[in-house]
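Chains P, D, L and X, in that order, are what the protein sequence lines are.
Each residue of the first sequence is one higher than the one before, starting from 219 at the first, in this note's numbering.
Each residue of the second sequence is one higher than the one before, starting from 219 at the first, in this note's numbering.
Each residue of the third sequence is one higher than the one before, starting from 219 at the first, in this note's numbering.
Each residue of the fourth sequence is one higher than the one before, starting from 219 at the first, in this note's numbering.
Take the hints with a grain of salt, since some may be wrong.
Since the list can't tell identical chains apart, any single copy or any two copies may satisfy a pair.
To be verified - In the BS3-like style, the derived pairs of lysine-lysine whose C-alpha atoms are separated by at most 27 Å in a straight line are: (1) Lys356 to Lys327; (2) Lys327 to Lys256; (3) Lys256 to Lys297; (4) Lys297 to Lys330; (5) Lys330 to Lys356; (6) Lys330 to Lys256.
None of these hints come from the bench; they were simulated from the model.
Protein chains: 4
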Amino acid sequence: MRARVEPAVTADELRLVLAESPFARIHSFQLESFGPGKCTLRVPFLQELERPGGIVAGAVLMTVSDVAMWLAIMTLLGKDTMTVTTELKTTFLNSARSEDVICTARVLKPGKTLIYGLAECRSTTDVLLSHHTITYIKIPS
Amino acid sequence: MRARVEPAVTADELRLVLAESPFARIHSFQLESFGPGKCTLRVPFLQELERPGGIVAGAVLMTVSDVAMWLAIMTLLGKDTMTVTTELKTTFLNSARSEDVICTARVLKPGKTLIYGLAECRSTTDVLLSHHTITYIKIPS
Amino acid sequence: MRARVEPAVTADELRLVLAESPFARIHSFQLESFGPGKCTLRVPFLQELERPGGIVAGAVLMTVSDVAMWLAIMTLLGKDTMTVTTELKTTFLNSARSEDVICTARVLKPGKTLIYGLAECRSTTDVLLSHHTITYIKIPS
Amino acid sequence: MRARVEPAVTADELRLVLAESPFARIHSFQLESFGPGKCTLRVPFLQELERPGGIVAGAVLMTVSDVAMWLAIMTLLGKDTMTVTTELKTTFLNSARSEDVICTARVLKPGKTLIYGLAECRSTTDVLLSHHTITYIKIPS
Chain P
219 MRARVEPAVT
229 ADELRLVLAE
239 SPFARIHSFQ
249 LESFGPGKCT
259 LRVPFLQELE
269 RPGGIVAGAV
279 LMTVSDVAMW
289 LAIMTLLGKD
299 TMTVTTELKT
309 TFLNSARSED
319 VICTARVLKP
329 GKTLIYGLAE
339 CRSTTDVLLS
349 HHTITYIKIP
359 S
Chain D
219 MRARVEPAVT
229 ADELRLVLAE
239 SPFARIHSFQ
249 LESFGPGKCT
259 LRVPFLQELE
269 RPGGIVAGAV
279 LMTVSDVAMW
289 LAIMTLLGKD
299 TMTVTTELKT
309 TFLNSARSED
319 VICTARVLKP
329 GKTLIYGLAE
339 CRSTTDVLLS
349 HHTITYIKIP
359 S
Chain L
219 MRARVEPAVT
229 ADELRLVLAE
239 SPFARIHSFQ
249 LESFGPGKCT
259 LRVPFLQELE
269 RPGGIVAGAV
279 LMTVSDVAMW
289 LAIMTLLGKD
299 TMTVTTELKT
309 TFLNSARSED
319 VICTARVLKP
329 GKTLIYGLAE
339 CRSTTDVLLS
349 HHTITYIKIP
359 S
Chain X
219 MRARVEPAVT
229 ADELRLVLAE
239 SPFARIHSFQ
249 LESFGPGKCT
259 LRVPFLQELE
269 RPGGIVAGAV
279 LMTVSDVAMW
289 LAIMTLLGKD
299 TMTVTTELKT
309 TFLNSARSED
319 VICTARVLKP
329 GKTLIYGLAE
339 CRSTTDVLLS
349 HHTITYIKIP
359 S
């Protein structure tokens with residue numbers, strides 16, 4: 219990946235993307251940090267989305283990793299390049315219980331057509347909850 | 219997979235599992251049909267979960283495929299065997315627009331420790347929206 | 219997938235592709251059958267490629283599934299469209315011991331840019347050895 | 219992952235494993251370095267395994283990543299714990315042409331039953347060729 223000095227989007231632009239995304243809104247995803255090819259989101263623990271036993275649902279981890287990668291791509295391509303997920307693989311490694319989740323996505327290869335990257339979700343005590351591979355495809359405008 | 223004459227759960231038991239699952243409830247997943255090693259759910263189109271442009275969100279497809287596989291496994295093992303998802307890979311193939319989604323999961327190999335299966339989501343006009351591979355692991359009780 | 223009456227290649231053309239592919243040659247892959255969007259190859263058991271204990275190596279199952287999908291795509295696009303594998307996921311389900319392997323690949327979605335399909339390897343006694351998801355991308359000529 | 223001061227195997231033990239593995243032998247995999255939960259192998263370029271156009275075959279990248287992960291697991295569990303691959307997903311990112319390949323695997327989660335890790339293959343000029351997720355399962359002895 220070519221090194222970039224500056225992300226192609228601002229924090230306000232990424233927050234607007236989150237505010238306009240129905241799923242990011244349902245789960246109250248919050249922007250923690252970002253840089254070229256990278257984005258970290260926080261998922262606040264929400265009582266009503268827990269599974270029996272207080273376990274954070276896998277669906278939340280899959281969703282936040284997809285959104286974090288989408289934003290990580292925007293840091294490279296800007297917010298107006300249309301991209302969609304073609305493939306998302308999640309491996310569930312540990313359970314989160316009644317706690318916030320921190321998800322970091324980073325682009326490994328921003329190709330001409332396909333963009334491939336990784337995401338991982340960790341608890342606030344740094345336990346690795348899930349690992350994800352994600353592929354986006356650029357949509358010709 | 220050994221052929222079974224009867225599923226190990228009833229329709230009422232599966233409907234109760236759906237009613238008690240927060241995610242199945244948010245998305246109003248409905249039991250369409252089931253048999254040994256197989257389960258089909260319907261996802262009614264919900265205005266508030268659509269993406270810009272009326273596209274059914276990928277998160278819904280991932281979530282319903284995970285839940286459908288969970289129920290498909292229950293048809294083999296009964297509803298009291300604890301299992302959790304270890305891996306779920308989704309390939310997004312076509313977009314669903316403002317329409318119900320039908321998701322069918324089926325177990326390919328019910329192993330001693332791991333259970334592997336496939337799921338697919340289709341539109342009501344039979345367009346293939348997404349394809350999923352899913353692995354569950356049995357939790358020793 | 220649009221139904222096609224005729225494959226876009228002949229058996230002789232597919233056999234030539236196998237003969238010219240170093241990996242297909244090392245493993246002596248043989249064309250069993252094919253149709254539009256589908257191809258079946260046979261892997262003869264070769265003593266020198268076995269793992270300790272007479273188990274057919276996973277590398278053989280991954281390789282034959284990749285080649286079978288490549289040929290399945292040719293049945294739709296002809297043998298001159300350049301395509302390369304972007305993603306191949308293998309789930310190993312049962313071990314093959316000192317026996318031939320039959321691998322069938324079929325295209326699920328022949329998209330404009332990406333082609334997605336499944337492959338499975340079975341023993342000659344119909345035991346499911348491995349299951350594969352495979353994505354190819356078309357290379358603009 | 220618990221930090222370990224010492225790998226559970228020696229370099230000689232890992233080299234013996236490579237020497238006894240038919241696939242590692244065919245491809246002449248060489249041990250470059252290892253540490254607790256990590257292993258790096260070198261794949262010398264072999265004329266006879268190239269694809270048309272001098273491209274290193276995907277099968278080699280898949281095979282070396284599987285073997286490197288196997289050895290990375292041995293650095294944690296010793297060489298006598300039986301483990302087998304249950305899942306290996308490869309994303310092909312760039313082509314290697316007539317050059318050696320360096321593959322590094324590392325364990326992300328050494329669980330009680332499943333061991334999950336990542337591998338990547340790079341050219342000797344540090345181009346990322348492929349990225350892999352790999353799951354092994356322990357076989358009860």
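Evaluation of the provided hints:
1. When the C-alpha separation of Lys356 and Lys327 is checked against a cutoff of 27 Å, the pair qualifies both within a copy, at 13 Å, and between copies, at 18 Å.
2. For a Cα distance limit of 27 Å, the shortest separation of Lys327 from Lys256 qualifies both inside one copy, at 12 Å, and across copies, at 23 Å.
3. Taking the shortest alpha-carbon separations for Lys256 and Lys297, only the intra-copy value of 14 Å comes in at or below 27 Å, while the best inter-copy value is 38 Å.
4. Taking the shortest alpha-carbon separations for Lys297 and Lys330, both the intra-copy value of 17 Å and the inter-copy value of 24 Å come in at or below 27 Å.
5. In the homo-oligomer, the alpha carbons of Lys330 and Lys356 lie at most 27 Å apart both inside one protomer (8 Å) and across protomers (13 Å), since each shortest distance falls under that limit.
6. Taking the shortest alpha-carbon separations for Lys330 and Lys256, only the intra-copy value of 18 Å comes in at or below 27 Å, while the best inter-copy value is 29 Å.
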